[in-house]
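Model the full structure from these sequences, guided by the hints.
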Amino acid sequence: MSTVGSEVSPGAGASLARTATRSQRLLLLMRRNMLTTALVVLVAALVFPPVISVVYSSFSAGQMVWQGPRSLTHYRLVFGESSGVDAVWNTFVFAAGSALLGVAMAAVVAMLSERTNAPFRRFIYFTVIVSFAVPTIIQTMGWILLMGPNGSFVNQTLRNAFGGFFPSIDLFTMTGMIFVQATVLFPALFLLIAPTFRSADPALEHAASVSGASRLVVLRRVTLPLAWPSMLAAMFLGFVVGIESFEVPALLGTPGRVRVLSTVIYSRVAGFDPDYGAASAFSSLLMILTIGGVFLYQRSTARAYKYATVTGKGYRPDKIDLGALRWIAGIVTFVIPLLVLGPLLILAWTSLLPFYTPPSFSQLSTFSLANYRHVLSSPDFSSSLKNSLVLGVGAALLVMAVTLVSAWAIVRRRNAMSRTLDFVATLPLVVPGVVMSLAVLRTFISFPIAIYGTAWIILLAFVIHYLPYGLRYNHAGMVSLHRELEEAAEVGGASRLQIFWYVVIPLMRPALVAGGLFIFLASIRQLSVVLFLVGSRVDVVANSMFMMWNTGSFTDAATASMVVVVVVLAIAAVVYRLSGLGGRGGGMASALQQQMRR
Amino acid sequence: MLQITQLRKTFAEQRGAGVRALDGVSLSVPKGKLFTILGESGSGKTTMLRSIAGLERPDAGRIEIAGATVFDGATATFMPPNKRGLGMVFQSYAIWPHMTVFENVAFPLKVRRTMKRSAIRAAVAGALETMQMGHLADRSATQLSGGQQQRLALARAIVGNPRLLLLDEPLSNLDAKLRERMRFELKRLQRETGITTIYVTHDQAEALALSDEIALMHNGQILQQGTPAEIYYHPSAEYIADFIGSTNLLAGSVLDTAALGAVARLEIEGVACHGTLNDDVAAGDSIALAVRPESLTIVRAGEGSTAQNTLPGLIRGRVFLGETTEFLVAVGALEVRVRVSGPAPGLDIDDAVAIGLPADASLVFRRDASREASSGAAVEVAR
Chain S
1 MSTVGSEVSP GAGASLARTA TRSQRLLLLM RRNMLTTALV VLVAALVFPP
51 VISVVYSSFS AGQMVWQGPR SLTHYRLVFG ESSGVDAVWN TFVFAAGSAL
101 LGVAMAAVVA MLSERTNAPF RRFIYFTVIV SFAVPTIIQT MGWILLMGPN
151 GSFVNQTLRN AFGGFFPSID LFTMTGMIFV QATVLFPALF LLIAPTFRSA
201 DPALEHAASV SGASRLVVLR RVTLPLAWPS MLAAMFLGFV VGIESFEVPA
251 LLGTPGRVRV LSTVIYSRVA GFDPDYGAAS AFSSLLMILT IGGVFLYQRS
301 TARAYKYATV TGKGYRPDKI DLGALRWIAG IVTFVIPLLV LGPLLILAWT
351 SLLPFYTPPS FSQLSTFSLA NYRHVLSSPD FSSSLKNSLV LGVGAALLVM
401 AVTLVSAWAI VRRRNAMSRT LDFVATLPLV VPGVVMSLAV LRTFISFPIA
451 IYGTAWIILL AFVIHYLPYG LRYNHAGMVS LHRELEEAAE VGGASRLQIF
501 WYVVIPLMRP ALVAGGLFIF LASIRQLSVV LFLVGSRVDV VANSMFMMWN
551 TGSFTDAATA SMVVVVVVLA IAAVVYRLSG LGGRGGGMAS ALQQQMRR
Chain W
1 MLQITQLRKT FAEQRGAGVR ALDGVSLSVP KGKLFTILGE SGSGKTTMLR
51 SIAGLERPDA GRIEIAGATV FDGATATFMP PNKRGLGMVF QSYAIWPHMT
101 VFENVAFPLK VRRTMKRSAI RAAVAGALET MQMGHLADRS ATQLSGGQQQ
151 RLALARAIVG NPRLLLLDEP LSNLDAKLRE RMRFELKRLQ RETGITTIYV
201 THDQAEALAL SDEIALMHNG QILQQGTPAE IYYHPSAEYI ADFIGSTNLL
251 AGSVLDTAAL GAVARLEIEG VACHGTLNDD VAAGDSIALA VRPESLTIVR
301 AGEGSTAQNT LPGLIRGRVF LGETTEFLVA VGALEVRVRV SGPAPGLDID
351 DAVAIGLPAD ASLVFRRDAS REASSGAAVE VAR
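As they're listed, the protein sequences go chains S and W.
Under this note's numbering, residues 1 to 598 are what the first sequence spells out, in order.
Under this note's numbering, residues 1 to 383 are what the second sequence spells out, in order.
What the hints contain is simulated information worked out from the structure, not anything from laboratory work.
We put the CB at the ideal spot given by N, CA and C, even for glycine.
Check the hints yourself; a few may be wrong.
Over 10 angstroms on every C-beta distance to chain W, these chain S residues come out as not near it, computed from the model [unchecked claim]: (1) Phe295; (2) Ser360; (3) Leu485; (4) Val503; (5) Leu507.
Simulated DEER-style distance windows between Cβ atoms [to be verified]: (6) Leu178/W to Asp318/S: 33 to 41 angstroms; (7) Arg509/S to Leu178/W: 27 to 35 angstroms; (8) Ile288/S to Thr69/W: 26 to 34 angstroms; (9) Gly42/W to Arg412/S: 17 to 25 angstroms; (10) Gly24/W to Val210/S: 26 to 34 angstroms; (11) Ser495/S to Asn161/W: 48 to 56 angstroms; (12) Asp23/W to Pro202/S: 45 to 53 angstroms; (13) Lys386/S to Asn161/W: 38 to 46 angstroms; (14) Arg412/S to Thr69/W: 54 to 62 angstroms; (15) Gly18/W to Ser495/S: 30 to 38 angstroms; (16) Pro202/S to Gly42/W: 51 to 59 angstroms.
Structural data, given as structure tokens:
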């Protein structure tokens, strides 16, 4: 072999990179990263059209997306009427209030259950896991039956006890909405906060104790400051969820005339004379609020990581013995989870009655399964249940497949193209469900392929909506997968596809199952994303229960709720067992928990 | 078997010019040899190995394996790793935890899709037998000890009769006892199979013990290539003398080089002595005299040293190491390490002594300016 002299210039690639123009460099980047480039194109084709169409049509004078002159008509209208400004303010108050209350509840329960010997720890985790199978619409309906204005359980009981002296509780107010939303948020926030208390390095506290600090001082100066970043992160997460929330404002705020952006958008579109322009303008405002919230959330989680002392070292933090206070603490650790379970219990009660009556022993004689027979034999309900399950499975599979490959490209190929992919696939995070629904509707209503009115358009909306979540699960899994495991296969002679099939996918199974399960459960709970995409031809369970409620079929809605919860829980349990991730319930909680890590 | 020509690789940094991991490296490895690339972390040795494997794409240069060009910067030739027919053991072992021992070893044969199931079974059994772990075939890979994982990684690397076996610091994750055992094991494996092996390590003792040949890398370049004995006894640069083994580096200056052939007359701490020339030096140059602790002799002052050069000193420290005893001796402003065999009775702290330096074991290096700045004291005693 002839020897090449030392005068040989650096390779073609390097010299090109040095002298090339911008566009040449981009071309080289794309050629070297075909897979990543293809993914960017695919994801951008999914994400950008809906978002752009909504923003664009908010600046159109008329009701069409692309036609008509550009103008600020809709914004002028929105800010012209006091209801528009009110909606923005209400959204903010609702989101901030529920986040604060939710975090307070979650932090107290997390601290008591993880750091003291307060009872009911298993009960807490049980309700948290169950809540992942319970659509928010069900929870909200349950609350109305529990505490609503007319003949609800709580108000009835209060009246029986105190006569007319006690003012009845009005749930259809901002306060009521904040309370209910906080109970809806509690499980997720608890899962986010609990680990910081559980895995706190006890040495940090011991160090403080040894330096002479009392237990209370240690709590105030060491334990809580260490948990603070994760509580802050939970607060911003709750805030974002609150901004986007539709169910609670729709069921409680609408009769109470407390409007937030999501319900305003709904009423503009779902009415007889839809005003898409105004809805788009409200949507843009909602997105701006969300972008702010997501920005704060991501910044706060970055900081929460800095404090993270989770090292897998298996710390067993000291549990404080509360002594006689134990059972007082027990009231808290029992009642707060009960707030999550309570709505389900009243729905279970209602589902057995011919018509809704607050619980009492005299009603036991009227118990029957008639409602179940009625609901289960209804073709509309069973088809919407089937749709929900199929769509959930479809969305989970598609999203996890696309984001598995994306996560691989992002983690293994660190360059401008993969960073672009990360950004674009995370973008849907700032598009609230209601806005996504409107955006997909507006983009595809005149699409050459007639997918509007079919299940396909819902599947598409789900895939876009859950891309960021799937990516987070896969990203976390991929980061913990040592690069050499793939390289060993590569040197061993495996092709890229073989590496994926034999090494990456089997080793990513925990992340794939956890992420897939999360997306499956979330899409079945999902109401706001499907709002404008369902119709007479295709429906999903969350919406069909919403419709039953709106038409006053409370017992049907309650019965449907019970069916949905049982079916979904059963499926989740089976998937979980079969996937081999099983074991204790804590495993499932931590699997679901992963999502919260950014 | 392996021919590398003018290989270059620069890693882009977040900011600034980038890191030159490979700066025009050329080397050639004959068939059947165990060839070690030795260097500190950041020397470019791992980039070198990964470039041979195809896991890294160099910027320029050429790599040929068994006569076939697998990389050529000039023609933009790049053969992907899975086509190069190599075996590699990774620092982390990269044992696939979802497979059994058998499945791990069978993988390289399975993905080639050229062998029958029965042939694969026989080949895997053979590889496992070579590594003396045939009885573990059905074990899950996660149930293995560190040493067994190491063997498994080796079995997997050799099962396909690779043209080259690449080892990336394979012993660094083992404890000291096991590491010494595995050294012998590796040596035996290489001798029995005759596979040309490229071994990357930062551990000079490992390199000396195992290698047929060593290439010493520093800042992306090969400083010296030779047999372990050559590198140990005839280091070509002060850096190598310091890096390999324990070495006294004594600062001094040249008095005279004329008419003495390969020997120079030097002045160290005011004492005239002789050393063997390694670099070209002239009278008046600052030099470092490199001499191994075990090459030095030590006697009580006045007892008369037989050595050609003697330096007077005071014993400052004494450490009994079992087979040897090591003395720390102050010679003027310098500190010199002397190692003698046995317990060395009669010599103790604060005794005045004479140190004997054999001229043929004392190598003269031109003082390299960067090292001079960093080491005020003239002694750098090694690891």
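Results for each hint:
no.: 1; hint: Phe295; result: 23 angstroms, holds
no.: 2; hint: Ser360; result: 57 angstroms, holds
no.: 3; hint: Leu485; result: 5 angstroms, violated
no.: 4; hint: Val503; result: 6 angstroms, violated
no.: 5; hint: Leu507; result: 6 angstroms, violated
no.: 6; hint: Leu178/W to Asp318/S: 33 to 41 angstroms; result: 37 angstroms, holds
no.: 7; hint: Arg509/S to Leu178/W: 27 to 35 angstroms; result: 32 angstroms, holds
no.: 8; hint: Ile288/S to Thr69/W: 26 to 34 angstroms; result: 57 angstroms, violated
no.: 9; hint: Gly42/W to Arg412/S: 17 to 25 angstroms; result: 23 angstroms, holds
no.: 10; hint: Gly24/W to Val210/S: 26 to 34 angstroms; result: 57 angstroms, violated
no.: 11; hint: Ser495/S to Asn161/W: 48 to 56 angstroms; result: 20 angstroms, violated
no.: 12; hint: Asp23/W to Pro202/S: 45 to 53 angstroms; result: 49 angstroms, holds
no.: 13; hint: Lys386/S to Asn161/W: 38 to 46 angstroms; result: 56 angstroms, violated
no.: 14; hint: Arg412/S to Thr69/W: 54 to 62 angstroms; result: 26 angstroms, violated
no.: 15; hint: Gly18/W to Ser495/S: 30 to 38 angstroms; result: 31 angstroms, holds
no.: 16; hint: Pro202/S to Gly42/W: 51 to 59 angstroms; result: 37 angstroms, violated
In this structure, the earlier hints numbered 3, 4, 5, 8, 10, 11, 13, 14 and 16 are contradicted, and the remaining ones agree with it.
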